[in-house]
Structures are given as C-alpha cells and as structure tokens.
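Each chain is listed here by its residues.
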Amino acid sequence: MGERDGGAELGDHWLKVGFVAPALLLLLCVNVFPLFYSLWLSFTNADLIGSGAVQSVGTLNYSFLFMDPRYAEALRTTALFVVAAVSAQLVLGYGLALCLQERFRGKAVLLTLLLVPMMMPPAVMGVYWKLVLDGSYGVLNHGLAFLGFGQPQWTTDPGLKLLSLLIVDVWMWTPFMLLISLASLNAIPTYIYEAAAIDRAGRWRVFRRITLPMSAPLVGLAVLLRSTDALKQFDLVMAITGPNDGATQTLSALLYQVMFRDGKVGMASAYSYVVLVVVIALASIFLRYLNHLQRRVGTAS
Amino acid sequence: MKRAIGPAAVALLVSLWVVAAADADEKSLTIWWAQWDPAAGLQELSQDFTAETGVAVTVHQIPWGSYQDQVFLEYGNESTAFDIVVGDSQWIGRGATKGLYLELTDWIGGAIDLDGIHPLAKRYLMEYPTGSGKIWAAPCETDALGFAYRRDWFEDMQEQTTFRANYGRELAPPQTWEQFRDIAEFFHRPASKRYGAALLSGRGYDSITMGFQPFLWAFGGAWGDPETFAVKGHLDTPAAAEGLQFMIELLKFSAPGGTNADYGGVLNAFTNGSTAMALNYFPFFPGIVEAMGDKVGFFVVPGHDGTRAISLGGQGMSISTKIPALQQALAKRFIAWFQQKSVQQKWITYPGAFTANKELLDSAAFRDAYPFNGTFAQSLDHLRDFWNVPVYNELLAVNARVLGEALDGSKTPQAALERLAMEHEMILRGAGLGR
Amino acid sequence: MKNLRWVLLAVYGMLSTLPLLWLASTAIKSRVDSIATTAKFIPVGEGLGIEAGSVRFEATLEGFRALGEIYAGAAHPYYHYLFNTFLIGSLSTVAAVSLGTLCAYGFSRFRILGERDLLFFILSTRFLPPLAVVIPILMMYRSLGLPNTHLGLVILYTAFNLSLAVWLMKGFIDDIPAAFEEAALVDGYTRWQVFLRVVLPRALPGMAVTAVFCLISAWNEYGFAMTLNNRDAVTVPVYFAGLQGNVQGMPWSQVGAGVLLFVTPIVVFTVLTRKHLLRGVTFGTIKQ
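Protein chains in written order, with the working numbering: chain A, 13 to 313; chain B, 3 to 437; chain C, 511 to 798.
Bear in mind the hints are in silico, worked out from the structure with no lab data behind them. Be aware that one or more of the hints could be misleading.
[As the list claims (entries may be wrong)] Pair ranges (Cβ atoms, derived):
1. C:PHE593 <-> B:ASP115: 43 to 49 Å
2. B:SER412 <-> C:GLN758: 31 to 37 Å
3. B:SER412 <-> C:GLY555: 36 to 42 Å
4. C:LYS785 <-> A:ILE204: 24 to 30 Å
5. C:GLN758 <-> B:LYS348: 22 to 28 Å
6. C:PRO711 <-> A:PHE78: 25 to 31 Å
7. A:ALA84 <-> B:LEU116: 47 to 53 Å
8. C:ARG784 <-> A:HIS25: 46 to 52 Å
9. C:LEU571 <-> A:PHE158: 25 to 31 Å
10. B:PRO326 <-> C:GLN758: 33 to 39 Å
11. C:PRO715 <-> A:PRO225: 27 to 33 Å
12. B:ARG431 <-> A:ARG88: 48 to 54 Å
As the structure is a computational prediction, the values presented were derived from the model and not from experiment. Cβ atoms here follow ideal geometry from the backbone N, Cα and C, with glycine treated the same way.
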C-alpha cells in the first residue's frame, strides 16, 4: 500500500477533494440520483410515452410484482442461467488452464486466439450464432447431419432455447475463466511443488492438497465476477429469442419487456428495485471476499 | 501536448452536442414506416410531391421486428423525429387516447374524398373507437393475409393424378381448411426436404396473433365482445379450442422450426423452394414473385363451415402531435395529396402497394398490376382485425407467450385459451375497459 | 495423461475457433453463398465454375465493399456507425481512465473520510444491471436533451467504467513506491506536478490495461446504446442487431466483414498490452 499523507500541508484538503471529487460527482449524478428517481417512480404509474399526469399508486406495483408469475419465472431462469453458465465456464476454463501449464511453442498465439471470443460484441454475436444454430441453415446442424446425428431445433425448441443461450455464453466467456485460472496457477510458488516432489507425493494428492486450494481464492474471485456479469444477461437474449420468451426471459429481459414493450415505467421501476437489492447483497459478499483475498494473497507471498 | 488534450476534448464534446442539436431549416417532411416494399414505393412516389411543392420527403424504414418499439420510444421524446407515422392498424387506440395522433375528424372530410374509401378501410384504419366516426389516420396501405402456393407443383400432371387417387378430388387451391389440410399432408415429404405449409407462428410482435386469428374466427371463436370487453365465453370456447387444435395439426406439415416462424421465416421457407403453401401478408409477396415468377400462384385464406375470416393488415398515416404546427400543416398537405385518385392510381403500380379507394380496388388496373392483387381484392369482404385498444401491445405480448406454449405442446389448446382469456381480461380491466 | 492434455486443448481450441473461422469465411462469401442450404467452407479464387451443392465457394470481397453502401432500411452506411462507436468508445475510455486515475491516486495517497464505504460504493456500481437503471436515466436524459447524442453515451459509459478504472488504477498506483513523490515534494514541487511528472509515467502500463477493459466494455455495449441512442449517434452493435427482421434478410457477408473490422482495434490493443492484462483481470491482487 502506498503511504498516506496525514494532511499536514495546508490546502491539501482541497487537493484531496480535487482528485477524488470529479469521479464521485459523476457517479453521484449518473448512478445515485437515478436510483432515487427510480425509487420514486416505483410508487407511481408513470408511462413510457409520458402522456398524462403521473399519479402515485402507493405500493400497488410491488404487490403486483409478487403476483406476476413472470417475475418468479425470470428469477428462476436467471438463477439457472448463472449457475449453469458459470459452472461450465469454471470447469472448462480451469481445466484448460491446467493443460496450458507447460511452455510450448506457439503458446502465446494459442492463448491470444482463445481470448478472441471475449472481445466480440455479444449483441452481434448473438445474432450471428442464431444463424449458426439455425435449425435448417445452421452450420452446426449441417455438421451434425454429416456425423449422422439428428437436427435439433436449437433456437425454436422451447427445451433447447436456454441451452442455445448457454452455448453462446460459455463460448464467449470461458476465455475469461481461463485467463484468471492461469494467473492463479502461475502464482503458486514452484518451491511448494518441489517440496511435494521430495515427499514423493502422488499427482492427484498434489492437485488436491496444493494446486486446488492455492488457486481457489483467485478462481473464486473470477466466479464472483462472472456471476455478477451473467446476472445482467440481456444482449444474447434479445438477439436469440427476443425479450418475451418464457424459456429465456432473464431479469433484464423482463425489465425491458415491462418498460419498453408494455410501457409501464412505474411497474418496471419496482421490478428493478427488487433486482437491485439482490445485486447490492451480492456486491457486499463480493467485497468482503475481495478483502479476504487480498489479505490472504498478501500473507502467502 | 498533454495539457492541450483536456480542453480539446471538451471543445470536441461541446461542438458535437451543438451540431447534433442544430436542425436543418429547409421545408421537409419525415415519414416513418416499416421496412418493406411498399415503403420503398412510397419514397419513390413522394418525389412527385416534392416536384409539385418543393417539400423534400424522407421515408425512414424500420424493420418490422423493432418498428413498434422504435415509434413509441420516439413518442416519449418532447418532439418526434417523424411528422407522419404510418402506424399499424392496432396502434390507433393507443395513438388516439395517449394524445400521440392528431385528431383529423374535422379536417379530413373537407380534404379528401371520404366516400371513395372502402368501408372496411374506414372502419379499421381510420377510426377510434371503432364506429364512432372520430378519425385519427388516413388510409395508407390496406392489407390482408393471403396464401402463396407452388403453382408448378399443383399443375404437375403426376402430382395431380396421385392426389386424385388418394383424396378423390382435384388438386386445386383449397376453399376450406379441411381441403387445405389434405393438400399440406400430400406435399409434406420431409425425406426429400419438402414441406406442406408454412404458417405464421412467430413469437415477436404480432405474427402468432395474425396467424391464429383466421382459425379462431373461422371455427366460431372471437377475441371478445367489442362492447362489453368480455373475453371469457368468446376466446375459451370449445369452438375456439378446436380452431387452435386445427392450426397445431397443420403445423405438423411445416418445415422444422415452423412452430416459431415470423413473417421473414415464412418467406424464407417458401423462397428456398421447400414449401408448397405459405401464409403471409400480401406486401411481403413481391420478393417471391421476383424470385420465382410463374411458379407462384396465390389464393384467398380458406374458411371453415361456410365462415371465411381473414386477418386484416394495413396501416394508416397519422400526424404526430409532437411537432410544430407548421410541420403538421405540411403533413396534412401530403396526406391530402396522397389520397387523390390520380396519386392512388400511381400508388398501386408499386409492388405491394394497395389502395383503399373503392373504385380502384374493383378496377382491372389494380387487378392486373401484380399477380396477387386480384386475390387481395377477393379477400376484402372477409377482413377482421384484432383489438385496437390502447393496451393492444400487452395483449399481443401475452398472446405470444401463451399461444406459443400451445404450439410448443406445453399446454393443451383448451387450457391455453382459458389462460389467455383470463390474462386478456386482466389486462383489459387493468386499463379500465369493461367490467 | 499427457496426451489427454493435448487432446483437450486441441478439441477446445477447435470448438472455440471454428465459429470465428466460419464468421471470417462468411465475410468473404457472396450474398447467395452465405445463406446456402449446404455448408460451404472451402474458398477458391474467383471465376472458377463451381457446381451447386459443392462445399467450395468463390471468395469475394463483396461483403467488405458493401459496407460502404446503405443497406435497405438503414439510414447510413456501416462506416457511419463505426465512426460513432469509435468516437463514443475512445472519448469515454479517455475520460474513464483519466478520472479513474485521479480518483485512485486520491484514495491511494490521501486519507479520505469514509474511504472504505466510498470504494465499496464505487465498486457496487459495476454490479448494476443496465436495464435496471436505464429507466430513470432515460427520463433524466430526456429532460436534458441527451438521448441520441454522442455526449449522452460518453457520459454514461464513463460513469459505468469508472468503478473498474478506479479499482484497477488503485491497485497499480498502490504498487508505485511513494518515495519518489516524497522526494519530489521535499524538493518543492506541488502535489499536482508530482502527480503529473512522477506518478503518471509509472502508471502508464496500468492505464493501458484499464483502457483496454474500458474500451472493450464501451465498444461492445448494447443495452444503453439501444435504448438511448436508437435514432442518432447509433453504434455498430445496435445497427447490426437492428437489421434483424429486415425483409431483404440479414446481409450476412456484410455482418461478417463488419464484425471483423469492428473487433480488430480491440484485438490489436489487447495484444499490445497483453503483458499487463493478467494483472488487470485479477483486480491487481496478483503481483507480477
């Protein structure tokens, strides 16, 4: 940690403020103020088109929220998506990182290539994957037909739609998990492995007792990061099935549907507030874990 | 260098803002419409208006999938980028009650020839509430659902003989849904990638609603009572369920993915040469004619038990209330110009462009303009429309979900319609309609 | 066991790269070939006759060329939208990195009241689903005339990238020994001069990494761009996604070409800063 100035110099207070204030001010305007505005909106019947006076409706929107089957459904779909996507990305990413432990020629090139999916715009890749997954024209089904398998209707079969979403998301973000897993594995000091070799420890034991626990904190960080990102899933849903599809309607898609299609701004604000509460809770867990991690990495090194 | 970056960036940002805010001051008119052939035709046609009046006209086209969203999002602004919006017939209630459309009742009688307009166009494209005489739009495009079919397959001698042998009838465009089913079954040969029928079943906007309606009405159901806004007893009757069941059966004769096909999907299924019959709105057909020429024929949507009911389509030109009075006057001028018989005569020469003018609709000039025009003219007497109440979009959204579940097989038709009726009533009551 | 490693790598590498290769091949296909019912994946030179149903196709730059034209129903050619993305992306990245570095320096070097809470607050903004805040932001923007402007999205992206920028830069700046600054202060330089001349040069690698992440985020953003800038100052993701439902079908070869062009600056930028990327991705908790 850098050293701190005790503020002994005169005029330093304003300097402090000068450094920190612009950012905080921007965040205040763009993040905090809208949150209060949203809270107010959630108690009204505000409309997207803005016609007519906005009236207070008390807690009507919130009670509607608990009755709306779409909300529970969206929570379920989002949770399912997050768990499935992040688990798959974790297993794949970590597994790949283990495979990439040695040096070999072209490793840097391979790594860069593996990272490219992460840099593509999800909204456009969603549309493109829709073509790839198309039941009749899609190259995936062409390949499956060639190999003698059937032709699943990836984007129209209600049982497969969420899977399609997962396929694209996993393709896109496994590189992220790979990157962090690599970093965590690389951070384990070699002398520990050497000590284990001296003790003639078996490979599986080494993995279970050394590799896994020591890389866990950082990988845990990656899981948290990816989970909070997956929670916001919107672009792919819009591209592949549209926001009104029961099989894939994540929380963000539902918010879009209520706000922009139904035009019910007041109700959508109430819906999003409940989402925000969940998100803040996760953020605190995240921060606590991050602090714990920093302390832990600090003591390990 | 580093010091200069800050102020330079600020200057750039400010200048961007200023440039964006500045308006062009010439006289011009902006029209928003969906992206399809008739809109391109309107753009070309309006060059005549520009020649006459010196007012530049831009027709901004937005793909159907996002058209509704874009228009109503735009309406949330203080002023809209468009002067005229060619709004879908269902939007009229929303436009009227939320103060988005300029009321034209007092002006329009004097500006255009109301008597020359087909009564159905007047009823569904111009008025809200229906039958009240209050007018919010002038007809731009009258439209209906129709079928395109592979005439070359129907006229093939081999096929005709086989069909006659199997079904005891001639192979010809069907008049009833039962006849339709037979033909679809006959041409459904998945092994050779041939399919019988492509129906509208898409889950975005209104595809599935428009696709289901003909079955709903032909089998004796209805969306609800237009006076009392009662839905139960109309939508969830056994007759309606029978209609939905029939549609689901027919979808078995469609290409894979046919249970979730929107307007573009149905078009594709037909133009890739695999499907015998495809249901769509007529203005989508010019592309087919261009691609397949004589191989394509058209027929009117079939009926059932003597009832033939066809989904109306069509859009009317409405003037935005969120523009300056000068622009509104210009818009009125355009609308009055467009409705003239001479202009309508030129209008119908564009692919997919349909008029609402009674006389022209009956004329040979209209029928001969395009291969499907005659079929459209025949469909006119059977047209019906969906709800045009202000909350129509919520009704459409819930249709997409619940009817979609029936099509996917997760709900029986009866259960789906009962659920749908309940949701419709909730939405309508929530909007203050009915008791 | 060792061979398993190579097998896994090869299989995954293939699965991961195939869609990209397919995208690249789509970019050099003609319109007709891009939607053909049989897969075509072997490009050959132009002018050679190819039978129908073959897996070969004529490679053509038609997709790239068509990017300069206006596609049916769009208001501008692709390059207009690419310019918008570039403008909005780079301006917001510069702003986010600048403000973030300033803020991070303040938190790192000074004792600030409520620091932990403030930092938590800053971090938590990253977790906000855009769709949850777009409602009030849209209403706010409308009253300020900011929808459909470049400025509007620049402000928004800067704000939403700030959390990442502050946290990343704090990690980097914390690692810069304060001794140099102390020495300079003793020599009579002001704090601001010290910041500019002593700290910034050393923080440059960190700023580069931060810039990469901010750029990727702003470049590919869709939720806000679609709802706020739907008519003017439209970015590429919104443009391409909005072509769906076009009666003429999606121009797949153009989309392929456009995406390749779109992604290139990001890839180049990432490759240039790859040495420091790992550090950034782990929020600076790993020291290298």
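How the hints compare with the structure:
As the Cβ distance of PHE593 (chain C) to ASP115 (chain B) is approximately 48 Å, the hint placing it in 43 to 49 Å holds. Evaluation of the 31 to 37 Å hint for SER412 (chain B) and GLN758 (chain C) yields a pass: the beta carbon distance comes to about 34 Å. Checked against the hint of 36 to 42 Å, the pair SER412 (chain B) and GLY555 (chain C) fails, with Cβ atoms roughly 51 Å apart. The hinted range of 24 to 30 Å is satisfied by LYS785 (chain C) and ILE204 (chain A), whose Cβ atoms lie roughly 25 Å apart.
Restraint check, GLN758 (chain C) to LYS348 (chain B): a C-beta distance of roughly 24 Å satisfies the suggested window 22 to 28 Å. Restraint check, PRO711 (chain C) to PHE78 (chain A): a C-beta distance of roughly 56 Å breaks the suggested window 25 to 31 Å. For ALA84 (chain A) and LEU116 (chain B), the hinted distance range of 47 to 53 Å is satisfied, since their beta carbons lie about 51 Å from each other. Evaluation of the 46 to 52 Å hint for ARG784 (chain C) and HIS25 (chain A) yields a failure: the beta carbon distance comes to about 41 Å.
For LEU571 (chain C) and PHE158 (chain A), the hinted distance range of 25 to 31 Å is satisfied, since their beta carbons lie about 29 Å from each other. For the hinted restraint 33 to 39 Å between PRO326 (chain B) and GLN758 (chain C), the CB-CB distance of approximately 35 Å keeps it satisfied. Between PRO715 (chain C) and PRO225 (chain A) the Cβ separation comes to about 31 Å, which falls inside the hinted range of 27 to 33 Å. In this structure, ARG431 (chain B) and ARG88 (chain A) break the distance hint of 48 to 54 Å, their C-beta atoms being roughly 28 Å apart.
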